[in-house]
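Peer 1: Go ahead and model the full structure; you've got the sequences and the hints to work with.
Number of protein chains: 2
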Amino acid sequence: MNVTPQSMHFAAALPLQSGASIRAYELSFETYGTLNADKSNAVLVCHALNASHHVAGTYAGQDKSEGWWHNMIGPGKALDTEQFFVIGVNNLGSCFGSTGPMHTHPDTGRVYGADFPVVTVEDWVNAQARLLDGLGIKTLAAVMGGSLGGMQALSWALQYPERVRHAVVIASAPNLTAENIAFNEVARRAIQTDPDFHGGNFYAQGTVPKRGLRIARMIGHITYLSDDVMNEKFGRQLIASSQSEQDRNFFYSTLEAEFQIESYLRYQGDKFAEYFDANTYLLITRALDYFDPARRFNGNLSLALARATSKFLLVSFTTDWRFAPKRSREIVKALLDNKRDVSYAEINAPHGHDAFLLDDARYMGVIRSYFNNVVNPSGEAA
Amino acid sequence: MNVTPQSMHFAAALPLQSGASIRAYELSFETYGTLNADKSNAVLVCHALNASHHVAGTYAGQDKSEGWWHNMIGPGKALDTEQFFVIGVNNLGSCFGSTGPMHTHPDTGRVYGADFPVVTVEDWVNAQARLLDGLGIKTLAAVMGGSLGGMQALSWALQYPERVRHAVVIASAPNLTAENIAFNEVARRAIQTDPDFHGGNFYAQGTVPKRGLRIARMIGHITYLSDDVMNEKFGRQLIASSQSEQDRNFFYSTLEAEFQIESYLRYQGDKFAEYFDANTYLLITRALDYFDPARRFNGNLSLALARATSKFLLVSFTTDWRFAPKRSREIVKALLDNKRDVSYAEINAPHGHDAFLLDDARYMGVIRSYFNNVVNPSGEAA
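As you go down the protein sequences, you meet chains A and B in turn. So the first sequence is numbered by our numbering: it starts at 1 and just counts up by one. So the second sequence is numbered by our numbering: it starts at 1 and just counts up by one.
One or more of the hints may lead you astray.
Identical copies look the same in the list; a pair holds intra-copy or inter-copy alike.
Under the rule of at most 30 Å between Cα atoms (straight-line distance), these lysine-lysine pairs were calculated in the DSSO-like manner [unchecked claim]:
| no. | residue 1 | residue 2 |
| --- | --- | --- |
| 1 | Lys233 | Lys333 |
| 2 | Lys233 | Lys326 |
| 3 | Lys39 | Lys77 |
| 4 | Lys210 | Lys64 |
Derived from the structure by calculation, the hints contain no laboratory data.
Peer 2: Shown next as structure tokens:
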């Protein structure tokens, strides 16, 4: 399935939760499949920290250009693009096409840098709603996302209940825990205290705060994986040597990578620092921190979710300690308190938070079944 | 209990596991209580990452100068200095008095800096054994430590089985997991990529890699605490404001601390960077990574522990995810495989790894009972 990214321009200013606004912005997006005559088969897919509108398919002539949820979405796949019109959208503040900190502020003619306004999950959802308006889609068959994407799916059901028939919220949470915020904060401090960050205006200096980005990514990677899968994949294995593992001496160095887990993390950090934008990292982790629909309800999630009228599928993964199953169960419970129609699957998977991006027969089976039911709510045919 | 730090000079070179050696070094230490006539009541206490020889008591005229295990060790306490002669020793490579990277290399006349040799748990134990020689102590009633200190206690039982009657290994592990190594590696990279690190020779530059040290300490703090205790202590509470929590607006800033957990971590990082040495941090985390007595036995811990002949007390804490109870149980099992005399207590405590430093009636009761038994092995009197 070859795909082509598109872009939509929005001339009207978007008011943000902070009180600021952003104007003359673009959103990058892709679509897969065909919108049906009554425009009832659209599924919006929201992305998490390190992803984009390129959700499925490949770019013609580009090797390894599969979308980030390629295993889930496509013709005949769990979310079947022969039945659904699937939309991937890149969020405001990202570095993958939509208007972000590296673009020019239309009022000043200067690159935004540190002046790009803080955006929230609610702001993203409002921006996505305008994209749907532009596409002529009034109601979504479903909105779906994992992790931070799941927060957007949940927020859609709260901000635009009349426009969402189903919300699919995967490996997500009703808010971040103190520990989640703590990891985000360390990553942000690593970026912000990198001398090449220049208070966020590094573009003008011709620098990139790569040291900080590397550290941020290394921390992220640790939290995406489970302790178990790290032990299985890397354990205490030393980096390759001509001598056998047991016989080889340690390098006895604090600087050289000694264990495979170290070189893996360094590699991931280096790769990330080459393409990801530092200001985007700050904005997206802050959106994660801020999301908390129960806050206005004194922490009562059941009251907060009363507005949601869609049907829900929640999925969590047993070894995910970043967005643990109990966090998904909080959402399930709050929905049940409101007598909503909610399905919940807790998938026994070893891969930690990363599991939501990986192939797993039970996981894909749950998604496939749910979307079959979206098409045939009466259950007449599979 | 007022105490005074002491120092012992060692003229003979100490051969290190790496093949290097270190010569003309000093070890800082303190003692509490009185060595009995047959020198049979000595207890050596080994320290973990961020600690020193100052284990108990206070320094005359200095407020808040309590030793780091002050709650555990002193007259009438769980480890009773009216019965035992307790020795605290600072390890080689530390920044609290014993010879370390900020001292002068006797051969070159220059500050060691990056040239300070990598030291291991085994090296530390060898250095500690020489201190005991100097004090005229042949056999320890017990060796005791928590976390990295527990690794030293375990290693004592393997390196000098004839000199140890009891080993008390608290909140420790037979080696680090991949995840543990990963966190250490991120902290090291933060320090090593700080431009003020200058390849470890920052003393000559008049700089301190404070940015890196702050990040290292923030990461450390997250792993010392349990998710539960973080939620209880900080949760999603915002930093103080004149407005009530629920009503106050977010700052909508990626730079300003918004949540209390953020300002807590920043404070801890700032404080640490003022006094801790960056090279010491690298050396100590590396010693943690390298410790693995089963390595020479193809990973078979039961074979590795066959050398140990002392009696053992192992203690772990339920919410400790850095050195989880299952890691202590691995040691217990390997000792039982060798038909060793081993006691094990798994303390139900909410505080994560930090619990080993905190007051807890059950924990202190276990230690007290065990040391009563060290004094009266027949159980005749308490």
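Peer 1: For each hint, tell me whether it holds in the structure or not.
Peer 2: Hints, verified against the model:
1. Lys233 - Lys333: between (35 Å within a copy, 25 Å between copies)
2. Lys233 - Lys326: Both: 26 Å inside a copy, 19 Å across copies.
3. Lys39 - Lys77: Intra 21 Å, inter 75 Å, cutoff 30 Å: intra-copy only.
4. Lys210 - Lys64: within (25 Å within a copy, 41 Å between copies)
Violated hints for the displayed structure: none, as all numbered hints are satisfied.
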